[in-house]
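Going down the list, the protein sequences come from chains C and V. For the first sequence, numbering that gives the first Met the number 0 begins at 0 and goes up steadily by one. For the second sequence, numbering that gives the first Met the number 0 begins at 0 and goes up steadily by one.
There could be a bad hint or two in this list.
Covered by chain C, according to a simulated footprint, are these stretches of chain V (three or more residues, beta-carbon under 8 Å) [stated by the list, open to error]: (1) 34-48; (2) 92-100; (3) 143-152; (4) 171-180; (5) 199-210; (6) 220-231; (7) 245-258.
For the record, the hints were derived by calculation from the structure and aren't laboratory data. In this text the structure is predicted, and so the values were computed from the model without any measurement. We treat Cβ as the ideally placed atom computed from N, Cα and C, and that holds for glycine.
Each chain, letter by letter, is given below.
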Amino acid sequence: MHPNKLGWLLLAPTMLILFLFGVVPFFYVIWVSFHQWNPFAADPSMIFNWASNYRQLVFDAQFMASLGVTLAFVFFAVLSELVIGYLLAQAFMKDFPGKAFFRTIHTLPLIMAPIIVGSIWKLMTTPSIGIIPSLLDSWFGYNLNIGQSAMAAFITTVVMDIWHWTPLVTLSLIAALVSLPADPFEQAQIDGANKRQIFWHITLPMIRPAIIATVFIRLMDAMRTVDEVLMLTGGGPGSATRYVGVHIFKEVFPRTNYGYGSAISVIVLYLTIVVCWLLYVGLIAPRNTKKG
Amino acid sequence: MKRSNPWLMVLFWVIISFLTLFPIYWLFVISVKPAVDLFSTPDIWLTKVYWQNYIDVLNDRTLRGYMMNSLIISSGNAVLCTTLGFLTCYALSRFNLPGKESIFFWTITNRMAPPAVFLLPMYLLLTQVYRVGDFALADTRIGMILVYCTFNLPFAIWTLRPTLDGIPRELDEAAYVDGASPLRVIVEVVFPLARPGLAVTLILTWVFAWNEYLLAATLTNFNARTLTTGLSEYVTTTGTEWGIMAAISVFTLIPALIVFSLVQRHIVTGLTFGAVKG
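Given these sequences and hints, build the entire structure.
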């Protein structure tokens, strides 16, 4: 047998599975999105209706609102994780007893199922069950009710995301900080630079690639957040925490308007690709070409 | 850099660790409280431990079925993905296939798309298109094992590639010269050397499959429902049974924690690998 034939044979099962469950759904959803299809309607057949699903989408206030809250969620969550993660990574740069042990504990949330994280935070924040509302009430007289206050629910989802994912940022930035050469820092200190100058002019430019890579990963993950939020707030109160993934799960499925649901899925996929592409073109690619 | 008092750092990290661990501790507290005690003022300290919630979960036939499904689906998927990932990476690292780097990159694109987007097409395909007579892939264990490949197989391929590339080609070339068949080379020469990498991949894909919720919640309704979907069922039914919900959460969490202690070091290196390269 020609050796390359064997190579293709070894690849075949993987490519078949990823084709059937990765590529086919992708094109299938695009195809369905150009049809009117509701199996439980008077006319259950698929009718080609050009782009009218997409036209309807532009005027779907609920969908547009869910895009808006998703962007707000992603912005606040990722920014906080970056700041906290950087500070914690810097704290790991010093020597102190039990460092490995503390790092292990800090990494713990990463391996937990998102749905369990949602369940844990539900138990922490549900009034009369959770410890947080009770403490806030006795310390500040503040009544935290994520079932009623839109702002409280939004902030709780952000805090939950920070708890779950900051360790990822910390670990990536530790890796970046560890690999920095010592010379520029010593030189800067000799030249009399202060801490802030060292941060802005030496540390930040040197770990910029790692920061961009981390933000890239976190953005993609934060945009697809569903399980935790579904468990914690169910998208509520009202639609305060109905992020796009939650919107698809709660709105597209119970209604059997398959054509319209597909159009929403395609647009969300498209927006994800566009955001990633913009980030890539704007932040990652120029650096690579400069390096040449 | 300036030296700071190491014990101040320890204090700082004790506080951070407390913030990390407290929510998990609280989950345990709720899981060992009888329902009547839940609605009094929340108490941080455990005064007595009440195991009934765990016994109730284990005695519940439906939940036992969910647990079984979770076990079978995640084990089946982990074995399938690790095996296929191993064969794929062997092919990618040993053969001069045209366009193989594009294929390698294509596999990971399957993991980039938000899973919510694929819920509807996957549901339609599994109920209506991928079917033979009366047998449809929806709500079957084998169906879920295959569906989970969309995120686990790319992961397996991407984590195994460095392992396979790291095994010297000369070893299998020497075996070929001795007249061994490709199958024997893979099983007797490459496999033993790739074992550590395979073990980590197997364990991590197992956890990812065990943790999955969204696809299981939409693609199954009875026969192949998993433990994570059972968890959400206890919330939506009239009046949440908090103790049971917490106990199921602990059951779902335990395997992940065991796995974490096994491969903790590899998780750290695996996760930071991208950042170092970036």
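Hints, verified against the model:
1. Against chain C, the region 34-48 of chain V contributes 5 residues with a C-beta closer than 8 Å to a partner C-beta. That satisfies the three-residue criterion, and the hint holds.
2. Remark: the region 92-100 of chain V is confirmed as covered by chain C, as 4 of its residues place a Cβ nearer than 8 Å to a Cβ of that chain, reaching the required three.
3. Here the region 143-152 of chain V counts 5 residues with a CB under 8 Å from a CB of chain C, which clears the bar of 3, and the coverage holds.
4. Coverage of the region 171-180 of chain V by chain C is violated [criterion: at least 3 residues with CB-CB distance below 8 Å; count 0].
5. Counting residues of the region 199-210 of chain V whose CB lies closer than 8 Å to any CB of chain C gives 3, so the stated coverage by that chain holds, three being the minimum.
6. Only residues whose beta carbon comes within less than 8 Å of a beta carbon in chain C count, and the region 220-231 of chain V has 3; three or more means the coverage holds.
7. For the region 245-258 of chain V, the assignment as covered by chain C holds, since 7 residues bring a beta-carbon within under 8 Å of that chain's beta-carbons and 3 suffice.
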